[in-house]
Structures are given as structure tokens and as C-alpha cells.
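> So you can see what is in the structure, the chains are spelled out below.
Number of protein chains: 2
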Amino acid sequence: MKRTSRDIRTANRYHLLRQAIADSPVSRAALAEATGLSPATVATLVGELIELGMLVEAGFEDSGGGRPRGLLAVNAGGGALIGVDVAETYVHVEVVDLALRVLGRAHEELAPEDGAPARLVRRIAGAVRVATGRAAAEGRVLGAGISMPGMVDREGGVSVFAANWDWREVPLLALLAEHLPHRLYLDNPMRACMVAELWFGAARGREDAVVVNLGTGVGTGLAIGGALHRGVSNSAGEWGHTTLVLDGRPCHCGRRGCVETYVGAPGIMRTLRELDPRSPLLVGGDQTATVAALADALDRGDPTATAVLRRTADCLGAAVGDLVNLLDPEVIVLTGWVTRRLGDRLLDAVRGAVAWHALPRPSAGAEIVLSPIGANPVSLGAATFALEGALASNGRAGG
Amino acid sequence: MKRTSRDIRTANRYHLLRQAIADSPVSRAALAEATGLSPATVATLVGELIELGMLVEAGFEDSGGGRPRGLLAVNAGGGALIGVDVAETYVHVEVVDLALRVLGRAHEELAPEDGAPARLVRRIAGAVRVATGRAAAEGRVLGAGISMPGMVDREGGVSVFAANWDWREVPLLALLAEHLPHRLYLDNPMRACMVAELWFGAARGREDAVVVNLGTGVGTGLAIGGALHRGVSNSAGEWGHTTLVLDGRPCHCGRRGCVETYVGAPGIMRTLRELDPRSPLLVGGDQTATVAALADALDRGDPTATAVLRRTADCLGAAVGDLVNLLDPEVIVLTGWVTRRLGDRLLDAVRGAVAWHALPRPSAGAEIVLSPIGANPVSLGAATFALEGALASNGRAGG
Ligand SMILES: [Zn+2]
Ligand SMILES: [Zn+2]
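Here the protein sequences line up with chains A and B, keeping their order.
Quick note: the first sequence uses our numbering, first residue 1, plus one each step.
Quick note: the second sequence uses our numbering, first residue 1, plus one each step.
Careful, some of the hints might be misleading.
As the list claims (entries may be wrong) - Rough simulated footprint, nothing fancy, chain A against chain B, three-plus residues with beta-carbon under 8 Å:
1. 186-195
2. 216-225
3. 241-252
4. 327-333
5. 364-371
In short, the hints are calculated from the structure, not lab data.
We put the CB at the ideal spot given by N, CA and C, even for glycine.
Generate coordinates for the entire structure from the input sequences, incorporating the hints supplied.
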């Protein structure tokens, strides 16, 4: 175990900039108060962040008589960050400035034949060029974060396994580097969501938090001690393949009874089919349409939809309750497209089910909320990987 | 989130002393190399630890020509630590010096009527006095750590809930302070085991580790980033009450299908009863005797015992596999009296089952081992809480 002084400095930079973004404009004294760092450490870090072009002096605070205090603001123009969300059916790119304003976007649908590595790399690079062109941000890009589904070797820039395209050990960043001039960072959507919540969402200022992502697949991002927990092989958070029912429903991972087979979109469809094989809510085999139909049916009090929600929430309650019992977090943030579709109805049902399934003490400590981050937390989180990368490097990051 | 510079200093003190205990005698340069701390930080910390009486100068290293390097050793006589393991049927006390030599012990059986708070407090205090008397260590005790089963409020020194005696909100440390002059620290056995493994056992030098405790109850201690993970209400690690089989066996916690109902000693007995209701291995209702009989029967290849082990290992494989998938740790340490009884047979079966149940990438990163700590890791861990307490306080800790 080697925690170097450089790691500590990087963690403190994250900590301070995160607070400065949230409270900008803000005095050094207020930053020290909010972060618990000593005034001397804050002064040093602020100097570094000004040097890096991320903070600027922003006038003085009216201090009602005393010596006026200098204020610091985020330097919105100090650099642009690119966040890329690569999903099974689309590539979504956002370019944001340091104040998180979106400067440019691109969204391109993917066809099944786009899944070949060389072809997908060209599609990603093309989408990034479109978005940066729209942002007119070429010159001052601090880096680009890429979120890839599946298992990724972050340090090596390799997509270790992506089930949808049956990718194994694809050196994604090396391939992308032939097309893009930016510093590139790779990770997966669960960790991207967690980082987005830590910096800008419901986990800001929290020590221990979990993001629960409900979509076609399901998984979690974990934060412990205010920082992303990656695990020894950057695989932590595979909650979707923890066991909910020993010897239960078969899972595409080859095992049985995984959480995902009950609370992922295909699992919810299966529950619906078990309750009513001819339900009109089963819109063909289409997950998105079926979940949308479920949401509408819930609004009109449809009994089958209500039973599906109850059963799904019970499974989620047990599986989220396991996270509460094991990790005792301050907050559980629900995100992902299934969450966004089912919204407050899902939240209420899950809160009730977790209160039943988790032990009283950790349950009392864990708030359960919907993600407050809008349209695409994954691309925001991917952009944040680029921001973290720029903060971890020593000098002023270039294109 | 306030991580103060004092927290960082305390963490660095732990980190350095842990390494010094492992490598004693050792040079400052070797400590810097092993910990990743800068030579300047090591010099400061060593000065503090000498001041605290925990390290001493111990001659010079033969450096083959160059300037001789000063060596540091743990100051065994620098203080004694008391560790108390309060269990359902006994109180076990160990007094150790800073080199972890046991100076004195006491072990007293508890009767059911000892469970009343005032009475148990007198029994604990009596056992501590016996052990410290034997250690002749009264004058230089740095503190006493108490491990209590159940949920504990560590900061308040309160036993929040202890199922065996139906304790609720018992202010244990305040009651003990009327009988004992030492600085007192309270926590539970799972966290005591984790701290013992971190300082002196299989988790030393590891970032992310899990201790899995198998006894009458089961649970885990978690280490993330080289430090104990407590959670927001000091309840993290309640793996025993995570769900293995939704709507499965009833659990004393009021829910169903908890891991504990399959892999705790009563769960193993139930599995045996389900396989053969009249098995001669079921020694009355006695857990200890039945597990001992199972171990003996495994040695002679008994088919029922083998089937019980296989079924238990399958459940454990799924439940430990969940820990691997979720936390991606470097090492999983098996401990507890059931583990000690079943030993290598259990280890082999669990390794096989985890390899099947966990995803390949995190599974490849996670070593699974038996605890290398001898007789009583809980009392050693409790003593370690007192050591950590002395390191966190500023001055030289008194009695
Ligand atoms: Zn699975
Ligand atoms: Zn239970």
C-alpha cells in the first residue's frame, strides 16, 4: 500500500475544486471552513488551481467593516472537457466548460454493424469532432473521457469485455488516439455516474455513497471516503451480478439469480410476462416501449402494472437493502433510463421496500433519492474523468 | 465531508507504525520506501512516535561502506494495550505490549444470568483486573478496547443492540468507567477482526480487504484504501443479513433468506438436518459439538458431511462472490470459530465455489485465505483499537 503525498495532493485538489465549483464565488476562508482543510493548505491549493487556469480572482466580499476578503470563482473559460457516453445503440458526446455549461453536443445512433472496433472508433471520433466543432473549443480542450459499457482496464485504456459487441481486450484508447488529439480517459458508465454525482449531484459533500443504475443492465458506482472506490482490478460495483435468489433466473453472465435478472429492463419484462403472458403492456420485445407503457399504466392505476412495480420494488428493496447493510452509506442515488421512466413511483416503492429489508440502524442513516442530474449523467461523468485527469497531472493540461 | 489535516496525520501515523512493527528494526529510508511517504514526512512521524514512546532508536545498519543508517525498533515496553472480547458465553481479555507479546490473559465463562448490564460490567471489569494483574502492567496501560457483539455506537460508547441479551441502548463505556481507570474504546467483533488483520494479519499492506467471520452469527469487516470502513452509522459490514435467497429461510432479524441462515453454525446444522434428520452428527442441539463432529466426519470421508460441506460452500461461494463482485478486494480473510474448525477443507471448497460464482476479473484479483492470526483475533483487534486511540490523541497517552 503506497499512498504517496502526490495522491493526497490530488485528492485535496479534487476536494477543493469541487467545493469551489459548488459555491463560486467564494472566499478562501469559506473554502477552508467547508472542506476542513487548513487555511495554509487552502492557500497553496488555490494558488495551484489559479496557476492551472481553473480558478480566478473575482473581486472582494463585503465583510461589513473588516478587511475585505478576496473571492475566487471558477474560470469557466479555463478549459473545455469532452464527455463521451458509448452505449449499445448510440454515442452521445457533450463538451462542457469548467462551469459545466454545455458548449456543444452530438448524438449519433449506432447500428449493430457499428460494433466492430475499427468502425466504432471512427463513429466515436466523428461524434467528438462534431461536438467540439459546435463548441468551437478545439484549442483549449483539457481532455476527453470515454465511458464504455462492460469491464475496462482504465490504466491500459483497454475494453476488457463488452458483452453487447462481444469485445475482448480491445485497446480502445490506442485506436482512438489515431483519430483524436486529446488526452483520453477510459472508464465505465457506473463509475462515470458515481463521479458525476460526487462532483455535481446528490453525493456532493458525502463521504459514502452508492449510485444504483437501472437500465437494460444494472450496476452500481461506489464512493467511500468521498472518493470513487474502484477495487483492485477496477471492477468494483458489479452489484447487478450479486445473487438475489440462489439458483434463480438464469443470467447472461452464466450464473443464476443475479439481481440484474429481476430489476433490469428485461427482468421487469419477464416479471410482467409471468404475471400476464398476454399483457398489452408487452410492446413486442421492445424494452423501452414496454417500460414506457408500464409507466403510463401505473399512472392510470392498472392492477397488472401495479403488481409488476410491487414485485420489482420488493426485489430492489432486498438488493438495495443489501448495499445498505453492507456499506452503510449516507445516500443511495437512483439513476438510469428505467429510473427516469418510472420516477417517483419507483422511488416511493423502493424506499418502502428498503425500510423493510435493511437493518434499522444503517437504514435510518441512508437517504434514497433520484439523481438530480439531468439528461445524461454518463457523459457528464466521463467529462469529469478528464477534469480529474487534468487535476492529477502537474502542469497546465494541453490538447 | 471534512477530512482534516489531523485525520491525515493520524492515518499516516497508523501507516508508519504498522510498517515499523512488521519490519522492526528498520531504517527511516526503508520505511519511506515501504510506505510511499516522503522522507521528510517519515522523519516527522518517526519523531512523533519516538516522543509518544512507541519507537526507539536501535543502533545502526551496516551499510557496506556508506554512512551508517540509524535503525528504529518498536519500543515493546512503551505501553500495554488491553483487548476485551465479550461474547455470548465468555469474556476473554488479553494484555499485550507494543511488540504484541501477550503479557497477561483472563478467560471467564458467562452464565445466562450474567447478561444483565450491571452484572456483565462487573464481570468484564473483574476479568480486566485479573489480566492486568497478571501482566503487572497497571502503570503504563495505553487503553482498553472492548469488542461487543451487535450494533454499537462507537463514539458514544453505547451498545445499541445486542440480540443475545436483548440489550438496547446500554451506555457500556460509561458503566465500565466506574470500575476501570483506562481509556476505553468500544466496537464490534467484525471490525475488531478487520483491524487485527490490517495491522498484524493477512490484510497488512493491502488497500482493499474483507474479513469474513463465520461463527454462530456471521458478518464481515471491510477495509477500503487501507483503513477500516465504518459507514455513516458505524454499521457497515452486515453481510450476514444480506439476502442470499429472496423469501428463503427465516432469520432472527425478522427477514428471510439472509446469508447467516445458510452459513452460520445454526444454518449449517439446519442443512444437515434437511439432508438427514437423524444424522448422528447432530450432537443434541449443540453447535460447537456438531461442527466438531462434522469436521471429524469430513476427515473420514463421510458422505453426509461431504454433502453438508458442499452445500454450505455453495452458499458461501455465492455470498462471498457477491463481496468480490461488489468490492473487488485484494484479499478475503476467513476467520471465526466455524472457519477454525473446518479449516482447509472449507477453504478449498469456498475457493472453488467463489471461482464459479464471482465474475472472472474481480475473482482473479481476490485472494482467499484463512486468517493467520492465532487464538483470539477479536481481543487482539480490540487491543488495536486502544493502540489506534493512543495514536490519534495528541500527547503521550496515560492510564
Ligand atoms: Zn449475472
Ligand atoms: Zn437476517
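> Run every hint past the structure and note whether it holds.
Evaluated hints:
1. Given as covered by chain A, the region 186-195 of chain B fails the check, having 0 residues with a CB less than 8 Å from a CB of that chain where 3 are the minimum.
2. Coverage of the region 216-225 of chain B by chain A holds in this model, with 4 residues showing a Cβ closer than 8 Å to a Cβ of that chain against a need of three.
3. Counting residues of the region 241-252 of chain B whose C-beta lies closer than 8 Å to any C-beta of chain A gives 7; at least three are required, and the coverage claim holds.
4. Residues of the region 327-333 of chain B lying with their CB closer than 8 Å to a CB of chain A number 4, which satisfies the three-residue condition for coverage.
5. For the region 364-371 of chain B, the proposed coverage by chain A is satisfied: 3 residues have a C-beta within less than 8 Å of a C-beta in that chain, meeting the threshold of three.
Hint compliance for this structure: hint 1 alone is broken.
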